[in-house]
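**Q** All chains should be built: construct the whole structure from the sequences, respecting the hints.
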Amino acid sequence: MKHDKTSPAFFVLVVMLVLMSTGPILMMVLTSLRLNVDIMSDTSSLIFMPTLRNYETVLCNALWYTPEHLGRCDKTFGRALGNSLLVSVTATALTLVIGCMAAYALVRFRFLGRDVVSFSTLILRMIPPAVLLVPVFGIWTYQFGLDGTLSGLVLVYVAMNLPFVIWILQSFIRQVPIQLEEAARIDGAGPFAVFFLVVLPLIRPGLAAAAIFTFRIAWNEFLLGNALTDRGTRTVPVTIVNRLTEYDIDWGVIMATGMLLAVPPIIFTLVASRQIITGMTAGAVKG
Amino acid sequence: MSASAFNRATPYIFLLPAAVVLAIALMYPVGYMVWASFLNWNPSQRIGEAEFVGLANYARLLSDMQFRESLTVTLAFAASVVSIELVLGVGLAMLLDRKIRGMSVLRTLFILPMMIAPIVVGLMWRYMYHPTVGIFNRTLKAIGLEPVPWLSDPGWAFVSVVIADVWQWTPFIFILSLAALQSLPSSTMEAARVDGATRFQTILYVKLPLMMPVLIVTALLRMIDAFKVLEVILVLTNGGPGLSTEILALRISRTASEFRELGQAAAMSNVLLLLLMALTAVMFVYSKFTEMRSRRQVA
Numbered sequence: 001m002k003h004d005k006t007s008p009a010f011f012v013l014v015v016m017l018v019l020m021s022t023g024p025i026l027m028m029v030l031t032s033l034r035l036n037v038d039i040m041s042d043t044s045s046l047i048f049m050p051t052l053r054n055y056e057t058v059l060c061n062a063l064w065y066t067p068e069h070l071g072r073c074d075k076t077f078g079r080a081l082g083n084s085l086l087v088s089v090t091a092t093a094l095t096l097v098i099g100c101m102a103a104y105a106l107v108r109f110r111f112l113g114r115d116v117v118s119f120s121t122l123i124l125r126m127i128p129p130a131v132l133l134v135p136v137f138g139i140w141t142y143q144f145g146l147d148g149t150l151s152g153l154v155l156v157y158v159a160m161n162l163p164f165v166i167w168i169l170q171s172f173i174r175q176v177p178i179q180l181e182e183a184a185r186i187d188g189a190g191p192f193a194v195f196f197l198v199v200l201p202l203i204r205p206g207l208a209a210a211a212i213f214t215f216r217i218a219w220n221e222f223l224l225g226n227a228l229t230d231r232g233t234r235t236v237p238v239t240i241v242n243r244l245t246e247y248d249i250d251w252g253v254i255m256a257t258g259m260l261l262a263v264p265p266i267i268f269t270l271v272a273s274r275q276i277i278t279g280m281t282a283g284a285v286k287g
Numbered sequence: 001m002s003a004s005a006f007n008r009a010t011p012y013i014f015l016l017p018a019a020v021v022l023a024i025a026l027m028y029p030v031g032y033m034v035w036a037s038f039l040n041w042n043p044s045q046r047i048g049e050a051e052f053v054g055l056a057n058y059a060r061l062l063s064d065m066q067f068r069e070s071l072t073v074t075l076a077f078a079a080s081v082v083s084i085e086l087v088l089g090v091g092l093a094m095l096l097d098r099k100i101r102g103m104s105v106l107r108t109l110f111i112l113p114m115m116i117a118p119i120v121v122g123l124m125w126r127y128m129y130h131p132t133v134g135i136f137n138r139t140l141k142a143i144g145l146e147p148v149p150w151l152s153d154p155g156w157a158f159v160s161v162v163i164a165d166v167w168q169w170t171p172f173i174f175i176l177s178l179a180a181l182q183s184l185p186s187s188t189m190e191a192a193r194v195d196g197a198t199r200f201q202t203i204l205y206v207k208l209p210l211m212m213p214v215l216i217v218t219a220l221l222r223m224i225d226a227f228k229v230l231e232v233i234l235v236l237t238n239g240g241p242g243l244s245t246e247i248l249a250l251r252i253s254r255t256a257s258e259f260r261e262l263g264q265a266a267a268m269s270n271v272l273l274l275l276l277m278a279l280t281a282v283m284f285v286y287s288k289f290t291e292m293r294s295r296r297q298v299a
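Sequences listed follow chains A and B, in order.
Per my numbering, the first sequence runs over residues 1 to 287.
Per my numbering, the second sequence runs over residues 1 to 299.
FYI, nobody ran anything at the bench for these hints, they're computed from the structure.
These numbers come from a predicted model, not from an experiment.
The C-beta atom is built at its ideal place from N, Cα and C for all residues, glycine as well.
Where hints are given, some of them may not hold.
Example chain B residues on the side facing chain A (calculated, C-beta under 7 angstroms, incomplete) [claimed, not checked]:
hint	residue
1	47
2	50
3	111
4	252
5	280
Not the full set, but computed from the structure, chain A residues with beta-carbon under 7 angstroms of chain B [claimed, not checked]:
hint	residue
6	21
7	102
8	142
9	145
10	159
11	162
12	220
13	222
14	261
15	265
16	273
17	281
**A** Printed below as a string of structure tokens:
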């Protein structure tokens, strides 16, 4: 590949853009490594002794040793981290299995009501969590008895993500050559075998994109998590907001909490940015 | 069951789990909400015990100044962020549309802000906007200027939440328009150059018109998302000071949890839903329209 020559001005522009987009994140990392006394002091210096104390405070019940600086261990966050992981992983797995079956049916079979189904998927995509807040709270509490449970949260997240996942996977399944499936069918494979053994392996990039998007939404969601959980089942975003309303904010600890919440999405982005971008562009360009 | 009947049932079997989940956890709640918007309902009641009040909730919305205020804030917020992000994102895509080493690294860094939890984005910006220890006021003070009341003055608070959203979402428009730019036929660019078009003319008369379909869909997608923004603003200002940053989604959540008027909140949700549905319908019709036109051109 031939590369264009870059002028110094262009180079400066690129460096500035990178600084602007990653600056706030770096600032969060730095803040999470300082003590609150240090943060609130008048002298702002970039030179300071980094410390992991804030992380120890946050994760105290998950550590194998007891941090010396802590009088009492606040277990809230450790528990919330476990809840968040469990909810997001389960929701992602379920959404993928259910979603790709539906997407496959919509692409490969002609059947009654197909257009209605794909149109309503599109419409359902835009329902915001704020709109679901009232009805989901009412139904989960009074009819399903799912309030305060993690499975209630998983159910909402699966439903919220399904339309998007179906939509994204459709565009990937469309690219699978139908001849492959026909060949498998002639060799005697049933519809389920064709789906699981031929189609699924071929759309792995699409599955990766869909998985990342679903995980991200379930992992980051606050509003419904706040309405549907109780003390024992709170997720990380809910604990962060709860701590923010306290009068005296300990910035070091809260930034450490924020970092722990931000790390999984950041890792996914660094590992699979190509899939994410494909998913994003497929979403807009093939509207 | 015979083999052929099984084959005929296959699509429905594949669709069944998705249909069941969507029906009980998405369509049923939305229907429930439409019904709830006609009730005078508070959170300690079962829905059956709530009193039917007809259109009273909607009538109250019409005369509710605070609701009207938050509708205005929502529209102003969506319009500002989408137009700023479009100009910046498309502009940057034009500037960076060349083959340079490390482009994929650059794109990876640019999508980071979108992937991080909105709660955390709010957190970062709230710290940076902090009146005394935040980086903005520290810098202003260091160069001898007056500190700015980022989050405590109504006007500045609105600007502040717009800046945070622009930071988070401009990369989305940038990446989509870069993809659109790079998929333009190189023969057209070649022809423009042969005809003596300047760089600026090429952008204005060739590239932009060709990118238009993608840009419009992108703008609509961003618009839909801008109506859903909640967490960043919740963490930054919680709607204040006053009602200056109280967007509709926040108003709904407060009406439900603080004022405990679920019927009223449901009526507001309905208004928001109608707005979003209108936008989605526009997007759908537009993409069908361009699809038809391009098909006709090919034929």
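**Q** Each hint should be assessed against the structure and marked as holding or not.
**A** Verification of the supplied hints:
1. 47: Hint holds; residue 47 of chain B Cβ to chain A Cβ min 6 angstroms, cut 7 angstroms.
2. 50: violated, 10 angstroms
3. 111: holds, 6 angstroms
4. 252: holds, 5 angstroms
5. 280: Holds, about 5 angstroms.
6. 21: OK, holds: residue 21 of chain A within 7 angstroms of chain B, min 5 angstroms.
7. 102: holds, 4 angstroms
8. 142: For residue 142 of chain A, the interface hint holds, since the closest Cβ of chain B sits about 5 angstroms away, which is under 7 angstroms.
9. 145: At 12 angstroms from the nearest chain B Cβ, residue 145 of chain A fails the 7 angstroms test, so the hint is violated.
10. 159: This interface hint holds because 3 angstroms falls under the 7 angstroms limit.
11. 162: holds, 6 angstroms
12. 220: holds, 4 angstroms
13. 222: holds, 5 angstroms
14. 261: Holds - the Cβ of residue 261 of chain A comes within 7 angstroms of chain B, reaching about 5 angstroms at its closest.
15. 265: Since chain B brings a Cβ to about 4 angstroms from residue 265 of chain A, closer than 7 angstroms, the hint holds.
16. 273: holds, 4 angstroms
17. 281: holds, 5 angstroms
Of the numbered hints given earlier, the model fails hints 2, 9; all others are met.
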